[in-house]
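Chemist: If you read the protein sequences in the order shown, they are chains A and B. The opening residue of the first sequence carries number 1 in my numbering; numbering runs sequentially from there. The opening residue of the second sequence carries number 1 in my numbering; numbering runs sequentially from there.
The set of hints was computed from the structure by calculation and includes no laboratory data. Incorrect hints may appear among the rest.
[To be verified] Each computed DSSO-like pair below joins lysine-lysine, with the alpha-carbon atoms no more than 30 Å apart:
{"hint": "1", "chain 1": "B", "residue 1": "LYS406", "chain 2": "B", "residue 2": "LYS140"}
{"hint": "2", "chain 1": "B", "residue 1": "LYS340", "chain 2": "B", "residue 2": "LYS351"}
{"hint": "3", "chain 1": "B", "residue 1": "LYS331", "chain 2": "B", "residue 2": "LYS361"}
{"hint": "4", "chain 1": "B", "residue 1": "LYS170", "chain 2": "B", "residue 2": "LYS364"}
{"hint": "5", "chain 1": "A", "residue 1": "LYS51", "chain 2": "B", "residue 2": "LYS251"}
{"hint": "6", "chain 1": "B", "residue 1": "LYS251", "chain 2": "A", "residue 2": "LYS52"}
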Amino acid sequence: MNIDEIFDYTSFTIDREPHIVLDYDICTGCDNRGCVNSCPARCYTWSEEEKKMTFVHDGCLECGTCYVVCHRNAFTRWRYPRGGFGVAYRMT
Amino acid sequence: MSKTYQAIVIGAGPAGSSAALVMARAGLDVALVERGSFPGEKNMFGGVLHRMPALEEIFPDFWDRAALGRHIIKKGVTFMTDDSSFSTVIEAGNFDTPPFNGYSIFRPRFDNWLAQEAVKAGATLITRATVDDLVYKDGKIAGVTIVGRQGELRAPVVIAADGVLSFIAKKAGLRQPTFDPSQMAVGVKGLIDMPREMINDRFGLVREQGFANEFVGCTAGVRGGGFLYTNYDSLSIGLVFHLASLRTSGKTPYDLLNTFMEQPQVAKMICGGKLQEYSAHLIPEGGYDMIPELVGDGILVTGDAAALCNATGLNLEGINLASQSGVIAGKAVIEAHQNKDFSKRGLSAYKTLLDESYVIKDLKMSRKAPHMLHNDRIYNEYPELMCSFMESIYRINGAPRENLTKLFLKSAKEKVGLGNMLADGFSAWRAL
Numbered sequence: 001m002n003i004d005e006i007f008d009y010t011s012f013t014i015d016r017e018p019h020i021v022l023d024y025d026i027c028t029g030c031d032n033r034g035c036v037n038s039c040p041a042r043c044y045t046w047s048e049e050e051k052k053m054t055f056v057h058d059g060c061l062e063c064g065t066c067y068v069v070c071h072r073n074a075f076t077r078w079r080y081p082r083g084g085f086g087v088a089y090r091m092t
Numbered sequence: 001m002s003k004t005y006q007a008i009v010i011g012a013g014p015a016g017s018s019a020a021l022v023m024a025r026a027g028l029d030v031a032l033v034e035r036g037s038f039p040g041e042k043n044m045f046g047g048v049l050h051r052m053p054a055l056e057e058i059f060p061d062f063w064d065r066a067a068l069g070r071h072i073i074k075k076g077v078t079f080m081t082d083d084s085s086f087s088t089v090i091e092a093g094n095f096d097t098p099p100f101n102g103y104s105i106f107r108p109r110f111d112n113w114l115a116q117e118a119v120k121a122g123a124t125l126i127t128r129a130t131v132d133d134l135v136y137k138d139g140k141i142a143g144v145t146i147v148g149r150q151g152e153l154r155a156p157v158v159i160a161a162d163g164v165l166s167f168i169a170k171k172a173g174l175r176q177p178t179f180d181p182s183q184m185a186v187g188v189k190g191l192i193d194m195p196r197e198m199i200n201d202r203f204g205l206v207r208e209q210g211f212a213n214e215f216v217g218c219t220a221g222v223r224g225g226g227f228l229y230t231n232y233d234s235l236s237i238g239l240v241f242h243l244a245s246l247r248t249s250g251k252t253p254y255d256l257l258n259t260f261m262e263q264p265q266v267a268k269m270i271c272g273g274k275l276q277e278y279s280a281h282l283i284p285e286g287g288y289d290m291i292p293e294l295v296g297d298g299i300l301v302t303g304d305a306a307a308l309c310n311a312t313g314l315n316l317e318g319i320n321l322a323s324q325s326g327v328i329a330g331k332a333v334i335e336a337h338q339n340k341d342f343s344k345r346g347l348s349a350y351k352t353l354l355d356e357s358y359v360i361k362d363l364k365m366s367r368k369a370p371h372m373l374h375n376d377r378i379y380n381e382y383p384e385l386m387c388s389f390m391e392s393i394y395r396i397n398g399a400p401r402e403n404l405t406k407l408f409l410k411s412a413k414e415k416v417g418l419g420n421m422l423a424d425g426f427s428a429w430r431a432l
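The following block holds chain B by itself, in its conformation from the complex (with noise of 0.2 Å):
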């Protein structure tokens, strides 16, 4: 197999697939090589779908069109022990009404939804097609080479969305040899099956609304964090540790999984359901700091691969990132087609508008929340100290009561110290 394209986009995920779209709909003949049987076959994620100011651009009605699930009117945090949580919910009553600030889906249907929207624009999409390496020509990149079905693609540009480890960048020189385990997180989730009703009446919902919870104190230590969300008849459970945290401290990711899973708080919200899937993937958690360079000579890094993905604690977004930076490389290809100049100067318009664009804008903005997570009292004494403060509050025994901050400051010097609360909060702060 050998064919020239205009363009070649490696892997068909939410960076890839809108690459390749934006610039099939502007003309360009482009391949989208998947190495999935179909595209979201390999991707998994861990939480919610949020606003995509990139694909709404395209679609004006992108929420009707696309593969969704239940759209998220609820939003939860809960602080952990072994035996004791304490949550805050937020349920707003605008998040019920288009349009939805966020929805629950399942990757090998929206992924999959998006690359045919691709083809349908005129995009060629290659499943089953490993990318193995570039082919240059006379010192320029030319295409690349596939396995599994076997053979070359010819193109003068490529736009690598490979993915978080992104090989292709790595072979262009443009991203680190080797990854610092500390950038970098790992997700582990259950895909729990469960009737629809039970759901609506376990979490409080109607019609198609949605909940999503987080966890922090659910990982015996390790730096992470657990997720919980609602589909239409299932559950999707799962932990994500800092790599750097899960490897020194002897656990795995498995059993963690299973100890919050037992956790009775968590146990009672996913009794009667049935482990249908199990899956993993990484997380770049890096931050600004750990952005490849995204432009070099016949070459672009979007999504994942360029490590565009911004964890602040709060909120965990990439697929919206992704999505928006495979967006801008496309226009920077178009771009460099009228000019027949594929140098890395004929496709910085990619680097500028990224600049320019919430992706780099928001990252830059959460550049020190990485180093700020990295604080290992976050998920272990925070939570132990936010149970027992609210467990005293509420306990009546006819001992006489003692003053809220008394109690408070307390339950504080026991569980983090004074010192480490006020430097803490002064660092989160200033993170966020």
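Next comes chain A alone, as it looks inside the complex (with noise of 0.2 Å):
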């Protein structure tokens, strides 16, 4: 399985109000970043080199799994999608 191709295997309904927000301040001041690797869909990307933390809500699996790590509370907002948007899973 290739994460990169989450869009292929899993379906969602974008909403471009994204469910989660970050205040990057924090992460860039975070020592653990936890986030990064716990992540099962791979929303949170940290780059070394510009000292950024990327986070793309798009293929989120709405598990929670970031809003528990997360030992700094970087999220201006943490909540479910609106009704009707995100993942929708068929088979699991």
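Bring the two chains, given one by one in their own frames, into a single complex with the hints.
Modeler: Here it is, written out as structure tokens:
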């Protein structure tokens, strides 16, 4: 399985409005960034060169892993997508 | 949109739909609010649907009526290293006669079926509606606000069945404001399609029989385990990780899943199949000590939202506990309506009945299991010990044989250490 191809496996109805919003300054100062490796959908990427966190909500599986592993509470928003949006499982 | 009901249930999973079903059957006007475009759309699990005492009471023909898959007649545990595995399998004759001990299911089908039963009983199902907040009037819970469909629903009592993160329990001040990663696990799963005949031949099944297997030692040292089970025309394969351990490991769930699927013995089981869906979900694995306040003024917390999940290492139960807690919560709300008392005291029957049920009794009994499972040796050293010991028993190469006890102690000393092994055995015995 190639996580880059998550959209080939799993269906999403993507909301333009992200359901998770980060305060990137907190991520830059974080000594852990467990979200980067723990997120099962690889929504978080950290660039060591640019010292920059990137978050993309499109392929979010809404599992809540980031919400639990983030010990800095870097979220200015963490909620489930609006009704009808987000991941749509068929056969799980 | 604004309408008044006698009760609002947040979340149409096994807990919420069970609660709505019981209340609707008693004649209450119930709203069952679901954020997915249909119930089950957001839900996944990695295992077997066990006996459902709460639903079997409501539907004497539950097993014929529900949307189920294969019945599990064969259960296995595999201790695994990168290139070896040692399995034990139990295939019991009475696993193949009704009432069956467990089924494989698809949550988008099963959860939808259960919600539709609640609708048939008279509940109003509102999909595509994410509950945003609780509404208070004169200091009492008076309803909820929703986003998706915009608006407000009103009721004197709310059942929070909104899943493992339960933002509603948090807003009501019933759960801790943050979670401890050592009390949570994340499961990832791939669904692999495969022709029915191939599954039957490969796993030794006939008719509608199914197989479910658990794996230890397949997580590269991260605390957790693996699972594989058969659906009619597909295999479900996945891993579960304790979050605290995953976070510090630096490893990713999808890389570990790939490594698991490429392990030579696992690769043979899934070869010929194609990945159809990838999913992930959190599991509240803290056990009894993780349970939040279950009752507040005008609110009850059920299912995963109440951390009612029993992970002992041998079995992983959740849906049965969720459904049972939903039914009991529904009964407590019916009683509260009779007495016109929605205070914490008026709803306290929920806690009393739940304490008396197997839900809390089982969780209390395995209270020490989560702690026992936080032992890294289980996930690395013991599987290695099992495999190397079994391998040396069967290796015949002209070298003089050693006595079995000696051989075992030698392996144990080398892989685990005898002191550790005694301590771990004692802790497992106490926990289970």
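Chemist: So, for every hint listed, does it hold in this structure?
Modeler: Hint by hint, here is what the structure shows:
no. : hint                   : result
1   : B/LYS406 with B/LYS140 : violated (69 Å)
2   : B/LYS340 with B/LYS351 : holds (18 Å)
3   : B/LYS331 with B/LYS361 : holds (19 Å)
4   : B/LYS170 with B/LYS364 : holds (23 Å)
5   : A/LYS51 with B/LYS251  : holds (20 Å)
6   : B/LYS251 with A/LYS52  : holds (20 Å)
Comparing the model with each numbered hint stated earlier shows that hint 1 is the single one that does not hold.
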